[in-house]
Amino acid sequence: MSQQPFGSFSRETGTLEPWRNRHLRVLGVVVALCFGTLPIAAFLQQSPPTILRSASEPFIDETSLPSIAWTCPMHPEVHELHDDTPCPICNMRLVETRRVMAWTCPVHSVIFERGEGVCPIDGETLVRMNLGLAWTCPEHPEIDSLDPGLCPIDRATRLVQRLSPLPHEDHSPKHGGIFFMAPDNWHHIEGVYPGDGRIAVYVYDNYSQPISAEAIQGRIVLEEKYDVNANEVREVVAYPLAASSDDSYLEAQIGNHELPLEIVAKVRFDGDTTEDRFDFVFSSHGQENVDPLSLEIIIDIPSEPVLDSSAELSPSSIDALLAVAIPRDPESIVSEIADRDSEIRKLLESGLFTEIYIPALQAKELALALGSHTVQLTSDRQVVVTLAVKSLVRSAWLLDWYGDLGNRPLIQEAYSIFETAVNHLRAAYEIQ
Amino acid sequence: MTTPYRIIAVILLVVAVANLRAHKPISSKYTYGEDVYPIFLEHCGSCHSQNGVGPMSLLTYQDAYPWAQSIKEEIVNLSMPPWPAEDGFGVFKHRSSLTAHELNVLVDWSNGGTPEGAKLNNVEPDSTESTWSLGDPSLVLEIPENFSMGPRTSEAVHYFVLNGVSQVERWVTAVDVRPGNASIVRSVQVYLDTTDQARRLDAADEAPGFIMDELEPSFPIEQIIGIWVAGQSTIQTDAGLAYYLPADSVLVARIHYKKTWLDEGLTVEDRTAVGIHFSEASDLTPIKSLTVGVSGATDTTSGMFVNYDQMIDESIELLSLIPEIESSPLFVQLEAILPTGEVTPIVRLAQPRPAWRTRHWLKEPMQLPTGTRLHVSAIYPTTFAAENMSALRFNMDVVPETQINLARNKTAFVPR
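Respectively, the protein sequence lines represent chains A and B.
Going letter by letter, the first sequence gives residues 321 to 752 in the numbering used here.
Going letter by letter, the second sequence gives residues 5 to 420 in the numbering used here.
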């Protein structure tokens with residue numbers, strides 16, 4: 321293990337435990353529903369497990385701790401150096417926190433370092449992660465302290481550092497545009513076509529914080545053509561992306577075009593060797609300078625709670641969105657799957673890639689329900705259905721993943737697997 | 005709740021959902037303790053355990069969950085588990101790929117917050133325990149010297165002549181392997197060389213063992229008497245069947261070494277041992293080889309699709325098969341079209357990779373009468389160029405029906 325980078329998680333130096341506060345999460349859902357705010361998505365996502373360091377090998381030198389700052393209990397992305405104003409999102413009173421940074425692999429989050437570098441597993445550039453720092457007793461994880469010291473329960477054991485990765489994955493557009501995630505799972509990109517002959521591209525980190533456009537290169541491609549002889553796609557019309565005067569975003573002058581407008585942003589982040597592709601379909605002009613908070617629909621908060629705080633988390637709104645009634649007979653199940661297939665095709669044609677996951681994951685649930693019906697089929701059709709169900713389940717997850725990335729060729733590749741599986745199911749059950 | 009509040013709640017839910025549509029904060033209903041661990045144990049634990057060939061264990065929650073993103077990507081890309089035989093198409097003695105339900109559980113859990121669920125008190129198996137999976141072999145042959153992988157080498161394929169097999173003829177029922185360094189030995193194939201070429205190649209190479217261009221092999225590699233792949237169990241031939249080994253045979257071990265990221269930059273050594281199980285029975289039927297498929301670009305290749313048929317001219321029992329696929333198809337499948345027209349699935353491989361080549365033992369031998377057509381079909385990506393078509397074959401272990409009858413009637417010793 322001598323090659324393991326300093327600070328990596330190892331079973332000799334630390335243990336890991338899941339985030340336990342389910343009640344807080346339930347309360348968060350209730351509060352977020354009441355307020356109807358944008359970052360609810362981040363909150364519904366189950367927080368990643370926390371990382372515990374042993375007292376003998378702390379992650380942070382305890383003689384020079386990061387300063388106390390303030391954050392919102394419901395919106396951990398809020399980070400203020402004072403507590404004289406409430407949360408700018410939900411108006412709650414801020415609470416004390418300590419923040420530290422670590423660097424991790426985009427895919428292999430087991431790697432955990434104190435500085436920039438390269439992932440020892442796949443060579444990708446390490447990405448920064450923000451962590452909440454607290455102390456707890458090794459045997460009493462309910463203890464949560466903002467300072468090192470002795471465990472208040474046994475008054476003998478030294479408190480250990482607990483590092484909590486902050487929730488992320490807020491994929492809400494900040495400038496009224498279209499929002500995608502980069503394949504490194506770290507960078508996020510928003511494309512806006514404000515209607516003045518230019519495309520603006522904003523780049524964010526994993527915590528929805530804007531990233532300077534200075535070190536980012538790219539171009540906007542308006543037309544591509546497949547060269548049969550060379551077996552490759554060539555760009556026919558492309559415009560370079562240049563950083564704005566204050567480096568807050570990138571822009572390209574492409575002229576005025578009719579809507580809907582299909583463009584491709586090809587972007588290289590921070591010295592990456594690979595270029596990422598994002599397929600934007602603009603059906604309207606975004607309000608580029610819109611304040612994200614003004615996108616909220618303001619509704620008077622009732623004096624009585626809308627939902628009881630004892631309400632179950634499940635079915636949450638997202639569960640409700642993905643819930644699907646399973647018909648009793650397999651033919652109806654396959655018809656329902658075919659309906660989802662049609663929905664996906666329409667979303668694909670409209671460029672609404674980030675919404676494809678809904679019919680895709682619904683179709684997956686329907687397909688899994690076919691498993692109990694295959695005994696009614698002839699043996700050769702059983703084989704077809706078994707293979708098609710697995711293929712559909714896999715491609716539904718691929719559509720979910722690639723939809724977030726906004727990469728049309730990858731989405732189409734996944735959809736062709738999905739469509740073939742649907743066709744095999746239709747043939748097996750003789751559904752027109 | 006009063007009606008006005010109910011209406012407001014519905015409006016708020018719609019507002020919230022509208023905000024969510026950009027992504028999917030699914031919190032998985034599957035937990036490590038109840039749902040995920042049993043699948044890891046069944047499909048992954050033979051490599052991904054403490055000190056196993058995999059770079060991390062998946063058999064404890066603490067070890068597994070930090071790899072969630074990687075687990076999801078490997079599974080949906082069909083890279084892991086590396087056994088490409090599709091569940092539901094043919095039945096085999098060893099593990100096949102994940103079922104649809106298993107795949108869904110693992111990806112849902114990886115994608116949805118990796119909940120732990122019930123704490124497990126499982127004792128993780130230690131892969132460093134060196135035991136022979138089928139009990140003590142009849143003969144143990146170590147590679148002649150330690151093999152060393154330097155700090156700049158990540159992957160190597162090396163051939164070693166195994167001396168001292170037997171001066172008399174033998175019948176082999178199983179070939180087992182005890183890796184010297186379990187973290188780098190990915191696979192071992194044991195060939196029978198009746199030409200003495202391998203011994204000459206070894207003598208000409210000063211370093212331990214020898215290397216060769218596998219596209220143009222310098223000794224015959226058709227007769228494979230054993231394949232061992234990390235993570236796969238060793239299979240013994242059915243009673244009465246064995247691989248025939250002439251007197252003074254030369255056995256050659258092809259060892260595929262690959263470091264994980266934990267060993268990168270280090271010098272690591274290996275001294276693998278091959279264990280051979282002989283049968284002393286006198287009425288054994290020899291297992292023979294039959295190859296079906298294509299070896300390169302042919303007129304059977306047309307863009308994305310390859311189809312190839314081969315008629316068998318005597319009745320056989322099909323025991324097992326080794327896919328020899330050097331190109332990169334999306335799918336390859338082998339079916340038997342019986343003289344009656346009935347189509348019987350044999351094996352279907354999803355994105356097979358040469359590095360994980362293994363012998364697929366059928367759960368039950370398959371009777372294929374004279375006149376059966378073996379049908380190989382493959383689908384390649386649209387970007388695949390036909391001129392890059394390489395080996396797309398199945399090396400099958402079969403027993404001709406006439407020899408089975410001879411052996412079972414105990415009429416005579418079956419000559420080779």
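None of these hints come from the bench; they were simulated from the model.
Treat the hints with caution; some may be incorrect.
As the list claims (entries may be wrong) - Listed below are several chain A residues computed to face chain B (Cβ distance under 8 Å; list not exhaustive):
id	residue
1	Ile441
2	Asn505
3	Leu688
4	Val695
5	Leu697
6	Asp700
7	Val703
8	Thr706
9	Leu707
10	Arg714
11	Trp721
Because the structure is a prediction, the values reported are computed rather than measured.
Virtual Cβ for every residue (Gly too), placed ideally from N, Cα, C.
Against the structure, the hints come out as follows:
| no. | hint | result |
| --- | --- | --- |
| 1 | Ile441 | holds (4 Å) |
| 2 | Asn505 | holds (6 Å) |
| 3 | Leu688 | holds (6 Å) |
| 4 | Val695 | violated (13 Å) |
| 5 | Leu697 | violated (12 Å) |
| 6 | Asp700 | holds (7 Å) |
| 7 | Val703 | holds (6 Å) |
| 8 | Thr706 | holds (3 Å) |
| 9 | Leu707 | holds (6 Å) |
| 10 | Arg714 | holds (6 Å) |
| 11 | Trp721 | holds (7 Å) |
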